[in-house]
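Here is what each chain is made of, one letter per residue.
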Amino acid sequence: MTATPGATPTIVLVGHGMVGQRFLEALAERGLTATHRVVVLCEEPRPAYDRVALTSYFSGKSPEDLSMTDMEFIEKHGIELFVGDPALSVDREAKKVTAQSGQVFDYDILVLATGSFPFVPPVPNKDATGCFVYRTIEDLLAIEEYAKNSTTGAVVGGGLLGLEAAGALKGLGLTSHIVEFAPRLMPVQVDEGGGAALLRTIEDMGLSVHTGVGTQEIVVDASGHVTGMKLSDGSELATDLVVFSAGVRPRDQIARDCGLTVGERGGIAVDEQCRTVSDPSVFAIGECALAADGRVYGLVAPGYEQAETAAATIAADEAAFTGADMSTKLKLLGVDVASFGDAHGTTEDCLDVVYSDSRAGLYKKLVIGRDGTLLGGILVGDAEAYGTLRAFTGSVPPVSPESLVLPAGAGAPAQLGPSALPDDAVICSCHNVTKGTIRGAVTEHKCTTVPEVKKCTKAGTGCGSCVKVLGQLVNAELEASGVEVDKGLCGCFSQTREELYEIVLALRINTYQDLLDRYGRDGAKGGDGCEICKPAVASIIASLAPAIGAEPYVLDDIQAPLQDTNDHFLANLQKNGSYSVVPRIPGGEITPEKLIVIGEIARDFGLYTKITGGQRIDMFGARVEQLPLIWTRLVDAGFESGHAYGKSLRTVKSCVGQTWCRYGVQDSVRMAIDLELRYRGLRSPHKLKSAVSGCQRECAEAQSKDFGVIATANGWNLYVGGNGGATPRHADLLAQDLSDAELIRLIDRFLMFYIRTADRLERTSTWLERIPGGLDHVRDVVVEDSLGICEELESLMAAHVAHYRDEWAETINDPEKLARFVSFVNAPDTPDPVVGFVPERDQIKPDLPLLSIGVRPLEGSNQR
Amino acid sequence: MTLAPETTDLKVQLQVGDDEWFTVCDLSRLLPGRGVAALLPDGRQVALFRDRAGELYAIDNRDPFTGAGVLSRGLTGSLQGRPFVASPLLKQRFDLATGQCLDDETVRVRAYTVRAA
Ligand code: SRM
Ligand SMILES: Cc1cc2nc3c(=O)[nH]c(=O)nc-3n(C[C@H](O)[C@H](O)[C@H](O)COP(=O)(O)OP(=O)(O)OC[C@H]3O[C@@H](n4cnc5c(N)ncnc54)[C@H](O)[C@@H]3O)c2cc1C
Ligand code: SF4
Ligand code: FES
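Order-wise, the sequence lines are chains A and B.
The first sequence runs 16 to 879 under the working numbering.
The second sequence runs -17 to 99 under the working numbering.
Simulated from the structure, these hints should not be mistaken for lab results.
Please note that a few of the clues may not be correct.
Partial pick of chain A residues on the chain B-facing surface, computed with a CB cut under 7 angstroms [unchecked claim]: (1) Asp543; (2) Lys549; (3) Val840; (4) Val849; (5) Leu866.
Coverage of chain B stretches by chain A, computed from C-beta distances (three or more under 8 angstroms per stretch; other residues unrestricted) [to be verified]: (6) 14 to 26; (7) 49 to 60; (8) 64 to 74.
For each residue, glycine too, the CB sits at the ideal point set by N, CA and C.
Take these sequences, add in the hints, and give me the full structure.
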């Protein structure tokens, strides 16, 4: 079968990986998809995905999350994409490509983007059951499946990918080994000193490292399953599973077969335009190409540049790929490693500046030219400066190199602000975005946030390693363009919420008035405050109440005037002035008796009843004076307030878990109830939601929660910073395989750290994106205790737990407070006449016309 | 309608006619910074407030943006020395002395004269 070519010239792309996809985008940007028929042959069973982020599959990213292919884009541009159909051969004479399915495509231009294959050393039994490579989503799925019945795993190769693979095996609960032939880890990127610091950190994480030894043979049992490996030093390592990560080789077979020139050590030879040296109709880009500078690039950024170059050349624009830098930053859990530029100091006459502290696992080296030019460097243990340093590479930094590597505190380290960078400094190397472009996004395109700038410039949307510098740049630019960012909480306080928290805690200030009079802005001192700072300060005081000697009960006379309306009535105000009531149903578990009680109360008070999105029941349409009566019956039946009204813990959703579900591996319901009872009533900068799933299937949607817990065979994985709502965000994995006690301790710390440092009305998701250092910083603080505050965080939480009291019960037992629950102070028995209801679907809904009948405009005013 | 029992303390009174004062409640029922609603004999609702300095204010209780009788349940504050309440529903602020909406100059609610006697 031969596919008929259209009248339009045809471009056939072989390989739909990261670079292939980028090439398609470049074609579309240049309008070439309109003038050409574009055919894509994709070998893998799924279109292009983010291979760089492959390992994040193990921290909860689904294959769909990793996808880089927008099917709308493919359709819109009329691209013919054949998934799961690799090219088998190329006939250059006839200009035809034959695919596995038997289809034959004529081409005018052929682009090879076939990537690499993992190199597997030719050791005996290398193909035994239990041997894997680490390159595709399918590889990961297979490893994950096999790991379920394994306890130990070994990775052959201690390079960038090997370490990533070893981290993943550990995450799967395996005892993990790394076997590296070279005398140190990451031999390509780091030197001896860096390797030593890295080794220490990796071993501290519980991985066993064997350097300077080769793998001689894979040992198998009678059924052909891996049981261990023989090493070159004569020793044997017992393992159930082996992952080969000993480097990659260009996939150039199809090119060899059709007579294209390939390099001595592989790679399809191309010129600076990415055209093969043998055939002007054939291009090669990405990891399969041997670039004009004689190198095969194993990184995505150079591949992207090649994709742009090839597309430009096809469009008859001028472009050239002459080489790229090999900067990398390791994304392995808990280790910071970065190398950039001429990391090994191969430039003639270059000099080193080295700071090394093996006790702290720190190693930083800069390679400097004779004239002071920064040529490259290696950072291990602390890669904070990576983004800035990389951008300075090739120029003379404005401060002395020593000051760039010394740790904070040692001889005043230089703060190299982004302002020091020249406009043509490349900030994002994945997308080749310069500082000038980013500034332009702020000044000309009026972007005011990092996400907006990301969207506008693409910066930061590749490997993500530049996002930090990006944030600094955007802020600096906003400030420079006169957007005076007053970080004060409101018109009354010039401090941020975090600063007020610190003041309240340190000075044990327990009333709002005291805080306002001492720390308010000049015009606000002595005044009545405002509707923004009152609830914010009320929340701070409430979450610290036991520690600062304040009254934790929110309706206490001093705290009551500060509470938002909902908190003040311990119920949620509805559009017609009535209220809704949500009792706590911890973990969503409820007895039939309690369900009946809710039903009876709702029936007796004529309330509209609805199952909420948070696994509990909401009763709407209560008038103020009915609230205490409703609560009394709920409290009698054993219910408590569900705090649906407060900026505090809402629900901890659960799935049914191990007790009933055939897949469950832990008791998710019990854990959800424990968590909900522990954190109930905790006042926080914004509401807190949580969920616990009994297995990786994630029926409780824990990854969309502020703190979500997913059961593993060995305990619990804790995810943080998830959000549904208007701007959904998948939660990030904070820690794995925790015991019950470890889990709770970590959540205690996490929540208290959030409460301490977040802005008002800032969910954990936005907080995590905003705070400097992001997730890594939070992990340092709450897991590693880098600030030494964990004990304090834990004791603050312990105080909250010990002092918790149910607000409803407290209120119905206090006649003075109850007197506030009336529609009219002078007519306590009279209901508000504008709160009325009409029937709908066998229940009630607010009588809205009644609200407009109530109009009594003041003469002369123009009311709506 | 049952009216709140009288006590010997100071009373909050609203001016409803030239020389006519309507007694609402004991002054002690007004927590500084928090409002209460009162029902007038003609069916109107009034929101009464007491600020930190002890000053009393009264405006219509009806939120003109939603029609609900809720202004008494809003959070109060002061802006350049002028007291205001923010509607608990959609958060528009109203000057307590004049009833003027601070977020929409075309909207104003009625303000009442109020005293403690
Ligand atoms: C009742 C309920 C809808 C329902 O009928 O199912 C509901 C109702 C309200 N939601 Fe919600 N949300 C409800 C579940 C959710 C969920 C789903 C969930 O929790 O699983 C979400 C998305 C998940 C999330 O928060 O990440 C959700 C995202 C929001 C948001 C957006 C938050 C965000 O970060 O983007 C708001 C607005 C806000 O909080 O600022 C909001 C605000 C509200 C308010 C409080 C709006 C208001 O001020 O009146 C509603 C008051 C309810 C009342 O009067 O009782 N509601 N809301 C659900 C109560 C759950 C519960 O049992 O407590
Ligand atoms: C775990 C991991 C982590 C990484 N981390 C980083 C990192 O942090 N930074 C970085 O810069 N790089 C990283 N890389 C490398 C990066 O993923 C590659 O440089 C990039 O994917 C190269 O893109 P490519 O399109 O050339 O090749 P690929 O993405 O491999 O795509 C090639 C595609 O072509 C297909 N193919 C091959 N032959 C045929 C055929 N005959 N017909 C049809 N299709 C065919 C293959 O199946 C494949 O899907 C990482 C790689 C891995 C595996
Ligand atoms: S998350 Fe797992 S354990 Fe829980 S209900 Fe779903 S499949 Fe079952
Ligand atoms: S450098 Fe990779 S996303 Fe910017």
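Here's how the hints hold up against the structure:
About 4 angstroms separates the beta-carbon of Asp543/A from the nearest beta-carbon of chain B, less than 7 angstroms, and the hint is met. Proximity of Lys549/A to chain B holds as hinted, the smallest CB-CB distance being about 6 angstroms (cut-off 7 angstroms). At a threshold of 7 angstroms, the smallest CB-CB gap from Val840/A to chain B is about 4 angstroms, leaving the interface hint in force. For Val849/A, the interface hint holds, since its Cβ comes within 7 angstroms of a Cβ in chain B; the closest pair sits about 5 angstroms apart.
For Leu866/A, the suggested interface contact is upheld, since its CB lies about 3 angstroms from the closest CB of chain B, less than 7 angstroms. As drawn, the stretch 14 to 26 of chain B meets chain A at 9 residues by the rule of a beta-carbon pair under 8 angstroms; at three or more, the given contact holds. Three residues within the 8 angstroms Cβ limit are the bar, and the stretch 49 to 60 of chain B against chain A gives 10, so the coverage statement holds. Three residues within the 8 angstroms Cβ limit are the bar, and the stretch 64 to 74 of chain B against chain A gives 5, so the coverage statement holds.
Consistency with the previously given hints is maintained throughout, with no hint failing.
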